[in-house]
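Visitor: I would like the entire structure built from these sequences, with the hints used as guidance.
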Amino acid sequence: MDEALIPNGVQRSSLRTFVPWTMVWLALIVWGLVSAFLCFYKGLNQTNMNHYFAFGLWIVFDLSLIALGAGAFFTGFLTHIIGNVFIYPFVKDLRAVVNAAVVIGFICYSAAIAMLGVDIGQPIRAWFIFWHANVHSMLTEVTFCITAYVGVLTIEYLPLILSNKKLNQVPEFKLFGTNLHHMVALFAAVGAFLSFFHQGSLGGLFGVLFGRPFAFREGFFIWPWTFFLFILSSIAAGPCFTLLCVWIAQKATGKALVKQSVFALLAKISGWLLVSYIILKIADTVSWAYGVVPRAGLSFMDFYAGSYGLWLLIAEIGVFGVVPAIILVTPQLRKKENLLIIGAVMNVIGIVFNRFVFSIQTLAVPVMAFDTFMSYVPTWQEWGIGFGTIGYGILIFSLSYRYLPVFPQEAELNPVTVLGKVAEDFGVVKRG
Amino acid sequence: MFPFVFEWGWDAGRIVFMGLLYMVLGAMGLGLLYAFVMTWLKLTGREKLHERLLLRFPFTLW
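The listed protein sequences derive, respectively, from chains A and B.
Going by my numbering, the residue at position 77 of the first sequence is 77; the numbering climbs one at a time, nothing skipped.
Going by my numbering, the residue at position 40 of the second sequence is 40; the numbering climbs one at a time, nothing skipped.
It is worth saying that the hints were derived from the structure and are not from the lab.
Honestly, I wouldn't trust all of these hints.
[Said to hold, decoys possible] Computed cross-link-like contacts, DSS-like style, restricted to lysine-lysine with a CA-CA straight-line distance of at most 25 Å: (1) A:K336 / A:K268; (2) A:K268 / A:K166; (3) A:K174 / A:K259; (4) A:K174 / B:K48; (5) B:K42 / A:K166; (6) A:K259 / A:K92; (7) A:K268 / A:K251; (8) A:K335 / A:K251; (9) A:K92 / A:K174; (10) A:K174 / A:K268; (11) B:K42 / A:K165; (12) A:K174 / B:K42.
[To be verified] Here chain A is said to cover these stretches of chain B; the calculated rule only asks that three of the stretch's residues, wherever they fall, bring their Cβ under 8 Å from a Cβ of chain A: (13) 11-17; (14) 20-28; (15) 31-44.
[Stated by the list, open to error] Ranges between beta-carbon positions, derived for each pair: (16) A:W311 / B:G19: 42 to 48 Å; (17) B:V16 / A:I342: 42 to 48 Å; (18) B:L49 / A:V85: 47 to 53 Å; (19) A:V19 / B:V16: 49 to 55 Å; (20) B:M23 / A:I161: 23 to 29 Å; (21) B:G26 / A:P89: 32 to 38 Å; (22) B:M23 / A:Q169: 35 to 41 Å.
Quick caveat, the model's predicted, so the values are computed rather than measured.
Where a beta carbon is used, it is the ideal one built from N, C-alpha and C, also for glycine.
Guide: Take a look at the structure:
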């Protein structure tokens with residue numbers, strides 16, 4: 001029924017299989033929409049956020065999505081800027097995955113913004129932050145950069161959408177897509193600039209909280225060390241998340257979508273960045289424990305109690321930091337697909353842990369003499385919005401995979417024979 | 001925020017912060033405008049002008 005929209009030279013499941021698949025994710029979206037409606041209609045009392053926990057599950061989701069979506073800007077930067085300015089031997093492998101990275105980035109950032117729309121309580125006044133900007137606030141910078149970057153990702157996604165077999169038959173769309181793609185390096189550069197600052201400022205906004213010694217850090221000029229650590233952790237996790245999404249898509253479709261060398265390259269890039277990040281993170285934790293903590297009149301163990309025990313630190317840096325770093329940088333381990341995927345999953349979990357610790361544990365630690373360790377459990381409405389974004393992401397990725405030429409190597413890796421002849425035209429628009 | 005909004009002041013913070021935002025939005029707008037103009041030139045058969053305006057390396061790095 002929808003054959004006219006499916007790229008040439010590739011096979012897709014029948015609509016009978018595809019529609020039930022989308023129903024699962026639509027159900028999650030409906031759960032999210034019901035939760036959002038309740039939050040708008042009845043207010044933020046539908047959540048378990050309070051004066052202690054001004055940041056809750058949504059901010060953990062937001063920070064994690066933004067970190068994991070960093071694969072888009074970093075892959076784009078390596079492909080379109082580094083790959084074209086310098087002699088970069090791996091640019092071919094990156095081109096195989098850059099479309100998927102853009103789709104994943106678009107999903108992550110648009111979902112994060114939608115979630116923030118509910119989180120701020122009154123989205124109708126969201127424009128205040130632009131019109132009455134507090135130019136000394138890292139959060140303002142994050143807002144500016146994230147909204148502008150969603151625009152960049154939409155522009156980067158457009159040529160791919162216009163490559164759809166049916167849309168590409170319209171000359172205006174075809175030409176516009178080609179001309180937009182011609183400028184892709186400009187958008188990749190703008191994206192890299194914006195991402196650098198908002199990834200950093202997301203860390204910076206915790207690092208400047210001098211009233212909360214758990215998060216406070218010294219730093220360089222106006223930027224606390226968390227600014228640089230957040231950038232490094234996001235570019236270490238982003239390519240791994242892209243790798244994981246592509247691998248899951250391979251398993252779900254039962255087809256090879258990219259060559260094994262692409263996985264190995266993404267894992268290698270992530271691995272070495274993760275090694276640098278973990279070394280700096282350990283140095284930062286040690287200097288915090290011997291610097292900020294005693295100066296605040298506290299001891300290291302004052303920050304770890306109740307549900308937020310020392311296990312969180314061990315899990316974040318040790319289990320989900322050092323272990324995946326070793327797996328991803330060791331060629332013998334990286335070669336084994338199972339280990340590579342385990343390493344990538346652990347890397348992603350480690351970054352989610354990091355964002356959780358910074359947004360929730362920071363608020364749980366008592367700051368007044370009469371305070372105790374607080375704990376926070378999200379309501380079903382909060383979970384609903386979180387799972388709604390997951391449903392939205394999988395739905396958009398599934399639709400993109402079905403109708404757009406996302407993976408340029410797919411046709412080559414899975415040749416389709418039509419009347420005894422291998423179909424060669426994949427529908428990938430040759431541009432540039 | 002624009003210079004005609006009452007909170008505006010000509011200090012380094014606002015100039016750098018807002019200046020960078022407008023620079024980024026300007027770059028995105030110019031990129032889009034270029035794509036629109038080049039499409040229009042091609043569609044209306046202005047091949048010579050299209051060829052003259054076509055940005056090449058190192059502007060596009062492509």
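Visitor: Now tell me if each hint is right for this structure.
Guide: Here's how the hints hold up against the structure:
For the given pair, K336 (chain A) sits about 13 Å from K268 (chain A) by alpha-carbon distance, which is consistent with the 25 Å threshold. Distance hint between K268 (chain A) and K166 (chain A) is unfulfilled; the C-alpha atoms sit about 38 Å from each other, more than 25 Å. For the hint linking K174 (chain A) to K259 (chain A), the alpha-carbon distance of about 28 Å lies beyond 25 Å, and the restraint is violated. Between K174 (chain A) and K48 (chain B) the alpha-carbon distance is near 20 Å, which keeps this suggested pair within the 25 Å criterion.
Distance hint between K42 (chain B) and K166 (chain A) is fulfilled; the C-alpha atoms sit about 21 Å from each other, no more than 25 Å. Between the alpha carbons of K259 (chain A) and K92 (chain A) the distance comes to roughly 11 Å, so the proposed pair stays at or under 25 Å and holds. Proposed proximity of K268 (chain A) and K251 (chain A) is supported: the alpha carbons are some 22 Å apart, at most 25 Å. The suggested pairing of K335 (chain A) with K251 (chain A) holds, with an alpha-carbon distance near 18 Å, which does not exceed 25 Å.
Annotation: proposed proximity of K92 (chain A) to K174 (chain A) holds, straight-line Cα distance about 24 Å (limit 25 Å). At roughly 36 Å between alpha-carbon atoms, K174 (chain A) and K268 (chain A) are farther apart than 25 Å, so this suggested pair is violated. Restraint check: the Cα-Cα separation between K42 (chain B) and K165 (chain A) comes to about 21 Å, which is no more than 25 Å; the hinted pair holds. Of the pairs offered as hints, the one joining K174 (chain A) and K42 (chain B) holds, with about 11 Å between alpha carbons and a cut-off of 25 Å not exceeded.
Counting residues of the region 11-17 of chain B whose beta-carbon sits less than 8 Å from any beta-carbon of chain A gives 3, enough to reach three: the coverage restraint holds. Given as covered by chain A, the region 20-28 of chain B passes the check, having 5 residues with a CB less than 8 Å from a CB of that chain where 3 are the minimum. Residues of the region 31-44 of chain B with a Cβ under 8 Å from some Cβ of chain A number 9, which satisfies the need for three, so the listed coverage holds. Look at W311 (chain A) against G19 (chain B): about 46 Å separates their beta carbons, and that is inside 42 to 48 Å.
Taken as a hint, the range 42 to 48 Å holds for the pair V16 (chain B) and I342 (chain A), whose Cβ atoms sit roughly 44 Å apart. Checked against the given bound of 47 to 53 Å, the beta carbons of L49 (chain B) and V85 (chain A), roughly 29 Å apart, lie outside it. Look at V19 (chain A) against V16 (chain B): about 52 Å separates their beta carbons, and that is inside 49 to 55 Å. Separated by about 27 Å at the C-beta atoms, M23 (chain B) and I161 (chain A) satisfy the suggested range of 23 to 29 Å.
Taking 32 to 38 Å as the suggested C-beta distance range, the pair G26 (chain B) and P89 (chain A) conforms, at roughly 35 Å. At about 37 Å, the beta-carbon gap between M23 (chain B) and Q169 (chain A) stays in the expected band of 35 to 41 Å.
When each numbered hint is compared with the structure, violations occur for hints 2, 3, 10, 18.
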